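Chains as they are written, first to last, in my numbering: chain R, 1 to 426; chain U, 1 to 223; chain L, 1 to 149.
It should be emphasised that the hints constitute simulated quantities derived from the structure, not laboratory data.
Some clues are possibly wrong.
Per label pair, the in silico range of CB-to-CB distance [what the hints assert, rightly or not]:
no., chain 1, residue 1, chain 2, residue 2, range
1, R, G232, U, G145, 32 to 38 angstroms
2, R, P337, L, N115, 29 to 35 angstroms
3, R, R89, U, L140, 35 to 41 angstroms
4, U, R131, R, E223, 42 to 48 angstroms
5, L, N115, R, K94, 49 to 55 angstroms
6, R, R209, L, N115, 31 to 37 angstroms
7, U, G136, R, D341, 55 to 61 angstroms
8, U, K211, L, I142, 49 to 55 angstroms
Quick caveat: nothing in here was measured; it's all calculated off a predicted structure.
C-beta: ideal position from N, C-alpha, C; glycine also.
This is what each chain is made of:
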Amino acid sequence: MTQSNSDVRGVIKTILLKQDVLILGGGFSGISLAEALARGGVDVTIIERGSAKQLDEITSRLKKSENITITILTQSELVDLQGHFGSFRAKVRKNDGETVELTPAIIVAATGYQTLRQPQGIPETAADILYLPDMKKLIDAAAGEKLFLNGKPLSAVTFFLDAVNDDIKFDSINVLEQAIVLGSRFNCRVSVLCRDLKVSFDGGERLYRQAREEGVLFFKYNEPPDFHLENGKLSVSLPDATFPNNEDQKEITLTSDVIVLPETCLPGTKTDQLAGILRIPLGKGGYFMDDNPQFLRIRSARRGIYVTGACRFPQDLTETQREAEATAQEIISILLPGTYDCSPVFAEVDTKKCALCYTCPRLCPHSAITIEKYAKQNIYRILNSEDDSMQYAAWVEPVACYGCGLCVAECPAQAISLRGESAHFN
Amino acid sequence: MIKAEQKPVEEIISYLEPYNKILLSGCGACVTVCHSGGEKEVALLASCLKMARNNGGKNLEIIEMTPARQCEPEFALELAEIIAGVDAVLSLSCGVGVQTLARNFKSAVIIPGVNTVFMGETTAHGIWEERCQACGNCILEKTGGVCPIARCAKQLLNGPCGGSSQGICEIKRDTDCAWQLIYDRLKSLGQLTKLSEMIPAKNWGTESRDKGPRKIVREDLTI
Amino acid sequence: MFNPKIVAFCCEQSGVPASEMRLGEVADLDLKSVPNLPNLEIRPVPCAGRIETVHLLTALEQGADGVLVFACHEENCQYRRGNIRAKSRLLYAGTMLERIGMEKARLEICNLATNDGVKFSKVLTEKVEQLRKLGPNKFSKISSEVGKE
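Based on the sequences and whatever the hints tell you, model everything.
Structure follows, in C-alpha cells:
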C-alpha cells in the first residue's frame, strides 16, 4: 500500500515578517484587537471609514499607557490590495482623495455589521411594534410597577424571534432578560415565539429557567405564524408545537398590546466590495467566510488575512472580545519569529505553456494566483525561446499557496506542476 | 475567440474504424482556452479511444501532440514527420486547423474531433456565448456595442420586433432580447439618438459571406 | 477467485486517515469481514481536487478493474471546493466511459470523514463484490494480465 507522506526535502523559501498589522475597522472588535496586538509588541494601523469619535477617546487613553503604537486613520478606506502574506501593498484612500500605500504583513477585517428594522410578516398598519433596543429603553426609563407605551398600559407582550435572524445569540439574551423583567417587575403576560432558543452562552440555561419560573410562555413554530389585527390589536395564531403529534396540536391565538422584534442583522455596507478587494470569499448570509467554523474561525481562505467579530458573524460583546484576543494570539505567534517558512509543497507555472486562459486565478480557493507581466511589454510567446521572461503568464505565489493541487489538475495546458509532490500518477 | 465543442466520442470512434495508428493533435490556442482541444483534452480523449478499441479486442496506437496553433502553416508543418508515419490524423483544432493540415498534407487523412460552434465571449468560467458572426461590416458603433446580427434571433437591424417579454426573446426563451440590450446600453451612454440613424439592409451578397469564401490581401505585407 | 484490481485515490484529509484506520485500530468493531485485498493500490493526493480527469481514465486503461475516489464530505473541503471539482471531473469521465460502453460501477466517488474507517472498509468490500460480478475490465490494455485468474 502506498503511504502518503509530505515532502521532507527541506524548505524552499523563507520570507521575512515585519511586526506590522493593518486592521480594517475601528469599532469594538478592531480596537480590542489593536490593543491586544500592541501589547504583544506589534505595530498596528487601524483604518476606519467614519470619523469615529470613539477613536479619539481610545487614542488619548492609549497615549497615556505603555509603549503602544497604534496608528489610526479615520475617514479612510481600503481601495486596492496587491501582494500576499508578509508583503501586502494596501492602497488606502482618505476622504479628501489623498491615497497612501501601507505595507502590512497581515491584514484583519473587523468591519462589523449593520442592523435594519424590518417588520417581517406583520401587517404594516400595526402601530404596536417595538424593537428590542426600544423595549430596553422603555424598561430602563420606567418608574413604578406599570409600563406604558404611548400612554397605554402594557399587560401582554409578545416577542417574535427567528423570522429575520438566524442563529443570533444576543437576540435570545436580550429577549430572556427583558422577558424576566417584564414578568417579574411589570407583571406582564409575556410570550416568546421562536423556532428555537439559543442558550449556549454563559448563564443561558439559568436565564431560561428563570424566565420559565417567572411565567414566561415559550411557543415554538416551524412555519412562520400568521399575524393579523383583531379589534385594533395585534393577534397571532399558531399551532402549539409542544405536542409531538400534529393531531393534538391545537391552534393558539395570542393577542398582545405590543409585539417586540429583533433588529435584522446584516453584513455591513460594502462588505461584498471589500471581499472583492481582499479576494476572500463571502459565506452564509453575506458575511466574510471563516476558513473552518470549528477551529480556524478567525482565518479567511487567504493566508495572512483574518476576519474577526461581527463582520464574520454578529455576536455578543464577550464573544467578540474573546475572538479579538484569539486573533491577536494567532497573529503574534506567527509574527514573533520574524520569518515564515513556506511549505515545500506549492504549485509552479511553466510560463512557456501558459495559455493565459485565466482558469487558475478564477479557481484558486486561496487567491494565491495572479496573471503577472514578466516583461514591460506584452510580447507573444516566442517559439522555442530559452528566454521565458518575455511574456505574460500565471504566477502562483509560494507563500500564499496551500498545495492543494486544484490548479494543477484544472489547467487545460497542463502548465502547472505541484513542486514537492510525492505521488506519481501514471 | 473561436469556441468549439468536442464531438460525441461514438462519432469519433466510427470515423477511426479503418485506422490503427493515428496522430491525435490538439491546438494550443482557442480550443485550449475553451477546454475542448488542448493538451489535457488530447490526453483524455486518447485514453478513452484506446480503451474503446481494447474492448473490441484490438489496439489503437495514438501519438499525442499539441502544437501552439494549427492554423499557421509553419506550426502545421512541424508535424510532418509524425504525419508521415500514421494512418490518419484526428485533429481537435477548429475547422481552420483541420483544413490547414489538409491543405499542407495532401495525402493524409485529417479527421475533425470537435465541432466549431461560434465566435464567442467567456461570460463566466465554463460558460461561453455567441457574440460575432463575421458579417463583414461591423455596426457595433451604432448599436452601443451589442451585435443584433449575432444576438437577435431575427437579425433585425433597426429596432426590436416587439415580441420580447421582460427583455427576453420570444423565439429563444433563454436569450436576452438583443434590442433591449442595445437600448439599455445606448441609454446608459447617453446616445439614444443613434437609434434614429437608419442602418441600411445588409448586403449579404457583396459585403458578407453569401458571396462565397472571403479573402483578405495585404499587398504591403506580402513577401 | 478473481481479485479485482482497485485503484483508490485517497484525499490526505479524509481518505488516507480513514484507510489507515481500517486495519484493526478501531476498537469494538469486528473487522474480520474486511476482505483480503492484495490488489488494492492507494494513491494519496493532498486534496481530491488534485485528481485530473485523465488520471481516472488512465488508471482504468492500465489495468484497474475499478477506480474509487475517497474525498471529504461536500462543504467540508479544507480547500473549499476541491471535492466538488473532483465530483464534476468524475461525472465528466463517467459520461465519456458510458458512451464507450464501460460499466458505471467501475468508477465511483465516496465522501467520508477523517475517522470513518468503517465506511472505507464497507465501500471497498461492496466494490469488490460488485467488480467480481462484472468480471475483469475488458477495456484495459490488451497486454495487461493484472487481476485476471
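- Query: Hint by hint, which ones does the structure fall short of?
  - Reply: Result: hint 1 breaks, nothing else.
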